[in-house]
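> Please work from the sequences and hints to get the whole structure.
There are 4 protein chains.
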Amino acid sequence: MRNKISVSILGGSGYAGGELLRILLQHPNVEVSQVTSRKFEGQFVTVVHPNLRKRTSLSFIGPEKLERCDLLFVALPNGESMNQVMQLINKAKKIIDLGADFRLHNKSIFEEWYKQQHISPHLLTKFVYGICELHRSEIKKSRFVACAGCEATVSILALYPLIKHNLIESKIIIDAKMSSSQAGVSPTLSSHHPERAGAVRSYMPTGHRHAAEIIQELSINGFIPDIAISATAIDMVRGLLVTCHVSPKRNITEKNIWSSYREVYRNEPFIRIVKEKRGLYRYPEPKILQGTNYCDIGFEMDSRSNRLVIIAAIDNLVKGTAGQAVQAMNVMYGYEEITALEFTGLHPI
Amino acid sequence: MRNKISVSILGGSGYAGGELLRILLQHPNVEVSQVTSRKFEGQFVTVVHPNLRKRTSLSFIGPEKLERCDLLFVALPNGESMNQVMQLINKAKKIIDLGADFRLHNKSIFEEWYKQQHISPHLLTKFVYGICELHRSEIKKSRFVACAGCEATVSILALYPLIKHNLIESKIIIDAKMSSSQAGVSPTLSSHHPERAGAVRSYMPTGHRHAAEIIQELSINGFIPDIAISATAIDMVRGLLVTCHVSPKRNITEKNIWSSYREVYRNEPFIRIVKEKRGLYRYPEPKILQGTNYCDIGFEMDSRSNRLVIIAAIDNLVKGTAGQAVQAMNVMYGYEEITALEFTGLHPI
Amino acid sequence: MRNKISVSILGGSGYAGGELLRILLQHPNVEVSQVTSRKFEGQFVTVVHPNLRKRTSLSFIGPEKLERCDLLFVALPNGESMNQVMQLINKAKKIIDLGADFRLHNKSIFEEWYKQQHISPHLLTKFVYGICELHRSEIKKSRFVACAGCEATVSILALYPLIKHNLIESKIIIDAKMSSSQAGVSPTLSSHHPERAGAVRSYMPTGHRHAAEIIQELSINGFIPDIAISATAIDMVRGLLVTCHVSPKRNITEKNIWSSYREVYRNEPFIRIVKEKRGLYRYPEPKILQGTNYCDIGFEMDSRSNRLVIIAAIDNLVKGTAGQAVQAMNVMYGYEEITALEFTGLHPI
Amino acid sequence: MRNKISVSILGGSGYAGGELLRILLQHPNVEVSQVTSRKFEGQFVTVVHPNLRKRTSLSFIGPEKLERCDLLFVALPNGESMNQVMQLINKAKKIIDLGADFRLHNKSIFEEWYKQQHISPHLLTKFVYGICELHRSEIKKSRFVACAGCEATVSILALYPLIKHNLIESKIIIDAKMSSSQAGVSPTLSSHHPERAGAVRSYMPTGHRHAAEIIQELSINGFIPDIAISATAIDMVRGLLVTCHVSPKRNITEKNIWSSYREVYRNEPFIRIVKEKRGLYRYPEPKILQGTNYCDIGFEMDSRSNRLVIIAAIDNLVKGTAGQAVQAMNVMYGYEEITALEFTGLHPI
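Protein chains in written order, with the UniProt record's numbering: chain A, 1 to 349; chain B, 1 to 349; chain C, 1 to 349; chain D, 1 to 349.
No lab work stands behind these hints: they were computed from the structure. It is possible that part of the hints are untrue.
Identical chains blur together in the list; that is why a pair holds if it fits in one copy or across any two.
To be verified - Below 27 Å or equal to it, Euclidean Cα-Cα: the simulated DSSO-like pairs (lysine-lysine) are:
| no. | residue 1 | residue 2 |
| --- | --- | --- |
| 1 | K171 | K249 |
| 2 | K255 | K171 |
| 3 | K140 | K91 |
| 4 | K54 | K140 |
| 5 | K275 | K171 |
| 6 | K54 | K65 |
| 7 | K275 | K164 |
| 8 | K107 | K54 |
| 9 | K164 | K54 |
| 10 | K65 | K4 |
| 11 | K275 | K39 |
| 12 | K93 | K249 |
| 13 | K164 | K249 |
| 14 | K255 | K54 |
| 15 | K39 | K54 |
| 16 | K277 | K39 |
Structure, rendered in structure tokens:
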């Protein structure tokens with residue numbers, strides 16, 4: 001098994017951990033060494049991730065049994081990785097954190113949005129924000145990566161070229177349609193099927209914390225976006241779509257929008273601009289992205305109002321979490337960026 | 001059968017017609033005389049509306065067999081009622097039209113949005129717009145009522161008190177989550193289950209025609225709203241939720257918003273302000289409104305952005321169509337306004 | 001408020017309790033006095049049952065505050081009503097129990113299937129099994145009624161006329177398609193939306209406890225049915241469909257089947273035989289029964305195998321639970337049997 | 001591009017054709033040459049199969065432009081391939097037919113079940129039935145393969161070891177839970193979302209034509225199965241689950257069942273026996289099989305009735321159609337059998 005790096009997953013029984021495992025098990029340059037779970041210690045990972053049956057005979061280990069590895073993926077609940085990070089950096093040469101603790105570079109902004117003190121603030125600037133499309137060269141050189149929140153990922157990718165090219169005003173409204181897997185693996189009344197099925201639930205009309213990341217990443221050349229998110233949970237397990245309502249600057253045309261996306265994303269393997277004249281799938285649609293690492297982006301100018309509508313979709317567990325992490329790993333280790341992330345998506349589904 | 005009015009339905013095989021029939025069959029003051037359908041002439045209405053089994057033995061008649069009645073409900077595809085209206089006014093003392101042809105009072109605005117010539121423009125000002133909460137006294141006296149579009153109904157009811165009390169700026173973004181019954185009874189590739197199930201389809205990011213009605217109804221005291229709708233179809237058969245993003249005027253508080261709703265809707269039997277601190281259903285939710293004539297309205301101030309989010313939900317086939325029509329009928333004939341519209345809604349569902 | 005009986009609900013925060021409340025609030029002969037919930041004591045019932053907003057200002061009371069009433073509905077978890085029943089019979093003139101404790105008349109059969117001792121076995125024969133279609137005259141005279149399990153209700157109603165007329169062999173396979181509300185209001189991993197949505201889960205391939213009730217009720221004139229249930233949970237919140245595979249006796253024709261249903265159910269207000277040559281809804285379909293008290297029954301002879309397929313559907317929370325209970329109440333008190341149970345069902349939904 | 005075979009798809013705009021394309025585009029030994037569609041001639045395949053964006057620049061060609069190729073996949077509506085087959089055998093060295101025309105070896109049986117005359121009966125015995133698990137060695141040598149129907153595939157795989165080992169009686173009841181993609185790509189009222197969503201539709205209580213294939217394949221050593229299928233359409237786009245109710249022979253234990261499956265399927269890459277004591281996915285579940293070529297099989301003995309319940313699930317478009325076809329191709333050409341069929345499936349989904 002030459003040339004394989006040893007990789008472990010801290011917190012492998014959740015949805016992000018399971019998705020990481022699914023992707024890493026098919027990666028030709030990776031050996032998955034250990035997967036931890038306090039709750040399922042000693043049980044086969046397939047008890048929790050039944051799709052991996054016949055693919056792996058790994059069992060969960062207790063987190064205290066974690067051994068040294070080349071790369072450690074941390075998939076812990078928010079607030080835990082900042083507690084453990086000082087021990088973890090002795091365990092692994094590189095760390096990719098999928099949680100929220102190291103996404104924001106500024107301690108006080110973190111504390112304002114997350115309403116808790118940051119335990120390891122000196123590391124905040126050591127972590128690179130994990131979206132390769134924006135930070136590829138830094139990720140390549142970094143030891144620590146903090147993957148973006150799923151809602152932030154799709155919003156940033158949708159808006160970045162427009163802001164880079166100075167095409168829109170600062171007031172940005174993001175109307176997000178969310179799926180149930182985003183809330184994680186723990187059952188609550190809110191996720192109880194009779195309540196959650198068929199729901200169109202305005203669970204966070206204002207105040208979504210991913211706004212902080214979006215503001216951080218889209219504050220470019222003095223532009224400071226005013227990000228207002230409204231999040232509505234719909235009857236979907238996996239997937240995320242944002243409808244961004246923005247005001248184009250004076251005289252901006254659809255052609256300018258096209259050019260900005262083309263200029264920034266021309267060579268990106270995982271970005272597709274979807275704006276079709278025919279067919280059913282004229283705009284981005286999360287259902288056909290399930291299992292893929294794509295971010296599909298489309299847009300339409302409102303000919304009556306001074307408004308530009310940008311639509312973008314991802315699989316929250318792949319491009320929004322585990323796929324993004326593996327993409328960053330591929331960049332960090334110089335593997336081809338699409339390795340293990342080539343799944344096409346299904347249609348119909 | 002004293003005191004019953006004779007009522008007929010022109011175009012009874014669609015979803016609006018079926019819903020009308022369901023409601024009217026339980027109305028103590030109504031005798032349903034005839035229900036027309038060209039396609040299903042001679043067949044029992046229960047072949048098309050199987051929920052009405054054991055409730056009615058009516059069969060569809062061909063439209064040319066329509067006889068005189070007290071009240072005629074017209075549930076034809078857009079563009080047809082303006083063709084037939086001159087004959088219909090000889091058939092019925094009163095007419096309630098569920099289509100789009102007579103909602104707009106201005107011929108040129110109709111033609112601009114609907115891209116067709118209006119055949120009976122002289123009647124445009126004879127029809128009263130059918131939302132009782134705004135036009136109760138005119139509906140009481142009128143012979144002709146044009147029911148509002150479902151998307152317009154919920155948006156107008158959500159915004160009217162705020163505009164009446166001068167609380168918001170004119171730029172209004174309406175992000176609508178739509179169900180499949182809104183597209184009617186005819187199968188298309190777009191409504192084909194493998195394509196439509198699980199969809200989060202941006203089928204109309206801009207340009208929704210209901211904007212015209214909303215502008216007409218919310219242009220009050222010189223205020224002219226700038227209405228921008230984005231419509232996303234989600235995996236829902238029945239129901240409609242709008243998330244309205246507006247800018248409150250300076251110094252407006254949540255208390256002012258509360259007061260405006262209370263002042264306008266205090267005595268309305270079908271409006272509920274839903275803004276709870278606990279429970280799962282803290283904001284309006286269309287799934288528990290199925291079959292009801294309620295319009296639930298909630299709101300939240302965005303403490304970071306200068307934004308007010310208003311959320312409103314209805315059953316598009318009831319308050320958005322057939323229930324609205326029966327409510328108008330009740331007002332026209334002096335019946336108690338809630339008659340036959342008392343269904344509570346189900347939970348869980 | 002002349003002629004109204006006072007009714008209370010013990011255990012009113014679950015789905016059965018909520019459905020009872022919905023139905024009873026519109027019953028002209030009933031005054032809902034008290035609704036208990038230990039967990040939600042002091043809170044409005046509408047916090048838990050949001051569909052009842054604007055219909056009731058009742059709050060939950062603690063169970064120890066239950067006062068005397070005419071009729072008590074008991075909607076407690078299985079195993080609890082047999083514990084409390086001796087106190088409850090002092091509180092209410094009549095009791096209708098929605099749980100499993102008093103459905104079986106035989107102590108040892110109860111203990112065999114429920115794997116627990118029965119605390120109040122002397123009352124087992126005092127309770128009448130609550131299906132009015134089979135036990136109307138006994139229910140009329142009884143003080144205690146035990147409503148049938150939902151799966152038992154639909155299976156018994158589907159099979160009873162065939163057995164009464166001696167048309168089928170004893171081996172009966174019931175393939176049941178179940179909804180999530182049947183599992184109650186408590187969230188578990190099994191009901192967690194990401195796991196439960198889209199599921200086709202063989203959660204009980206054999207061993208379903210409702211078999212005991214079905215055997216009890218269908219053991220007629222020496223016939224002892226061999227009931228084998230397989231239960232599959234599908235992505236449905238409310239509703240229940242059984243596909244019963246049975247062997248007709250020699251020379252039995254579809255006409256004989258028709259006759260047996262007609263003879264037994266001719267005057268039943270809530271039974272519909274659904275077997276159509278055209279339309280989409282040729283056989284029973286639970287989705288259009290949501291909220292109704294109907295049991296729809298259809299059948300088809302297999303021309304190649306010696307098999308008769310019987311299909312039956314109900315709303316598990318109405319005809320399968322709360323509606324059945326109110327129907328029994330109507331019979332007990334001599335009210336018109338359909339009172340408060342007249343909802344038609346929605347289409348489309 | 002050494003060593004690649006040229007492959008074309010006749011009838012590439014349907015769901016089977018799209019799924020074939022998805023799988024073949026990632027096959028290292030295959031060059032997809034042409035994909036036909038009369039309706040979409042000249043348009044990019046991605047207009048119809050949007051999941052393939054950025055993966056292929058192929059356009060549909062008219063069927064008359066089909067050129068010679070090594071292997072032709074035929075994905076035409078039932079009844080068409082028998083019409084065209086004589087011309088097609090001049091176009092391609094090998095043919096894999098995904099339709100029903102050449103599955104049955106006996107002309108009169110075909111005509112009895114399909115109610116039409118067979119045009120090319122002399123070829124019926126030239127086609128090998130395409131389930132590799134039963135016919136691997138014949139497929140290896142054959143020029144013509146007829147893939148099994150999806151419902152037949154899962155039923156045959158579930159039952160074959162039991163019959164081979166003489167463990168069950170001949171009377172077999174198959175209760176199938178079906179998805180909407182099985183009905184193909186053409187919209188009808190039956191597939192119209194408002195009607196099809198949430199449905200539990202007994203669309204074929206008896207008479208399913210796949211019974212003929214199942215009887216053919218399971219008639220072993222004088223055993224003639226009596227196959228009775230009931231098919232219920234549920235709210236699922238992709239996937240198929242069968243619950244088979246059979247009678248075990250005297251003294252058969254769960255251990256015998258285990259052994260028979262192990263003996264027959266020990267080395268099969270796509271069969272998994274799923275019968276777990278813990279976890280949520282204790283039995284086969286189609287939702288986690290979406291996109292995979294697995295057939296998962298489980299079982300449970302009924303301790304009260306003399307009944308064995310076998311549960312099996314597949315993705316109808318993969319193992320039930322396109323994946324099965326590619327598996328057969330891999331066998332025919334000596335490629336590793338799992339090539340291009342390695343997708344794991346997603347969880348949650």
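> Evaluate each hint against the coordinates.
Hint-by-hint comparison with the structure:
no.	hint	in the structure
1	K171 to K249	both (11 Å within a copy, 16 Å between copies)
2	K255 to K171	both (22 Å within a copy, 25 Å between copies)
3	K140 to K91	within (20 Å within a copy, 51 Å between copies)
4	K54 to K140	between (34 Å within a copy, 25 Å between copies)
5	K275 to K171	both (24 Å within a copy, 26 Å between copies)
6	K54 to K65	within (25 Å within a copy, 43 Å between copies)
7	K275 to K164	within (21 Å within a copy, 39 Å between copies)
8	K107 to K54	neither (45 Å within a copy, 40 Å between copies)
9	K164 to K54	between (47 Å within a copy, 25 Å between copies)
10	K65 to K4	within (22 Å within a copy, 47 Å between copies)
11	K275 to K39	between (45 Å within a copy, 22 Å between copies)
12	K93 to K249	neither (46 Å within a copy, 54 Å between copies)
13	K164 to K249	within (13 Å within a copy, 31 Å between copies)
14	K255 to K54	between (50 Å within a copy, 21 Å between copies)
15	K39 to K54	within (22 Å within a copy, 41 Å between copies)
16	K277 to K39	between (50 Å within a copy, 17 Å between copies)
The structure is inconsistent with the numbered hints 8 and 12, although it conforms to all the rest.
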